[in-house]
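*Asks:* So for the sequence shown, the working numbering puts the first residue at 309; every next one is plus one.
Bear in mind the hints are in silico, worked out from the structure with no lab data behind them. One thing to keep in mind: the hints can contain errors.
Derived lysine-lysine pairs resembling PhoX-like cross-links, with alpha carbons at most 25 Å apart [what the hints assert, rightly or not]:
(1) K448 / K434
(2) K434 / K503
(3) K438 / K448
(4) K478 / K448
(5) K438 / K503
Since the structure is predicted, the reported quantities are computational estimates derived from the model, not experimental observations.
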Amino acid sequence: MHLLALLVSTACARFAVAETLGLPPQSFDLTVGFLALLFYIPSWLLVVAILLGLTAVLIMVIAMISLPFEAAWQHITRLAALLGFQAKFKQSRSMIMFHGAGALIISVLFAMSYGYLTDNFNPAFKAVTKVIALRSDFHKTPNYPDVRTGEYVHPLENGFIAYARELEDKSVIIGVRLQPAENYDVVVSTIPPLKVAIATMAEHVKQSPALIWLLSNTASETKSDSMLR
């Protein structure tokens with residue numbers, strides 16, 4: 309049941325991302341993950357509705373199947389009463405039908421609640437979805453090709469890229485453009501040789517304030533000990 313609720317919540321989260329951003333939700337894994345947590349509780353409404361609906365149908369089927377058997381048992385008890393035997397007939401079909409109808413009504417109510425919570429995305433929820441996507445799936449990558457200053461980008465499939473850009477009025481627009489087709493070759497970073505890296509690290513250690521403070525304290529203690537002697 310937990311796995312079923314998780315699958316339902318993931319499907320709802322993907323639908324919300326697609327409706328809010330207008331982009332394929334498969335490219336926004338973290339946004340879908342956060343929204344799946346928000347949809348987890350409403351998804352249980354659908355799971356419970358399905359289970360109650362199946363239970364209601366099963367109860368109805370059992371009640372319908374028991375109809376001829378109860379009718380036959382009713383005739384047998386009447387015949388036994390005529391012959392002097394004491395046989396009681398207890399009609400339980402009505403209570404079974406009531407239980408089935410109650411389960412069916414609750415199932416419909418839960419299904420309607422799930423539909424209301426997952427289909428009606430108000431502007432506030434869409435704004436929250438955009439903020440989650442901006443903070444989790446869009447990143448500043450100045451070394452990525454065709455990225456403008458101050459843009460947050462998220463690569464898509466088929467050579468497209470989604471970008472988020474802040475305007476002068478502090479609003480943020482989200483758009484899509486095609487990546488440049490020409491060859492792009494930019495050195496992002498350089499890893500120095502091992503000897504150079506070790507020498508640089510040793511130089512940084514020597515110039516660290518903690519090491520200088522430790523050496524100065526050690527020297528002062530040694531000088532004071534020599535003066536005492």
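*Asks:* Hint by hint, say whether it matches the structure.
*Replies:* Hints versus structure:
Of the supplied pair hints, the one linking K448 and K434 holds, its CA atoms being roughly 23 Å apart against a limit of 25 Å. Taking the CA atoms of K434 and K503, the gap is near 53 Å; set against the 25 Å cutoff, the hint is violated. Our distance criterion of 25 Å between C-alpha atoms is met by K438 and K448, whose separation comes to about 16 Å. Between K478 and K448, the direct Cα distance comes to roughly 17 Å. Compliance with the 25 Å bound is thereby established for this hinted pair.
In summary, the hint linking K438 to K503 is not supported, as the alpha carbons are separated by about 47 Å, beyond the 25 Å threshold.
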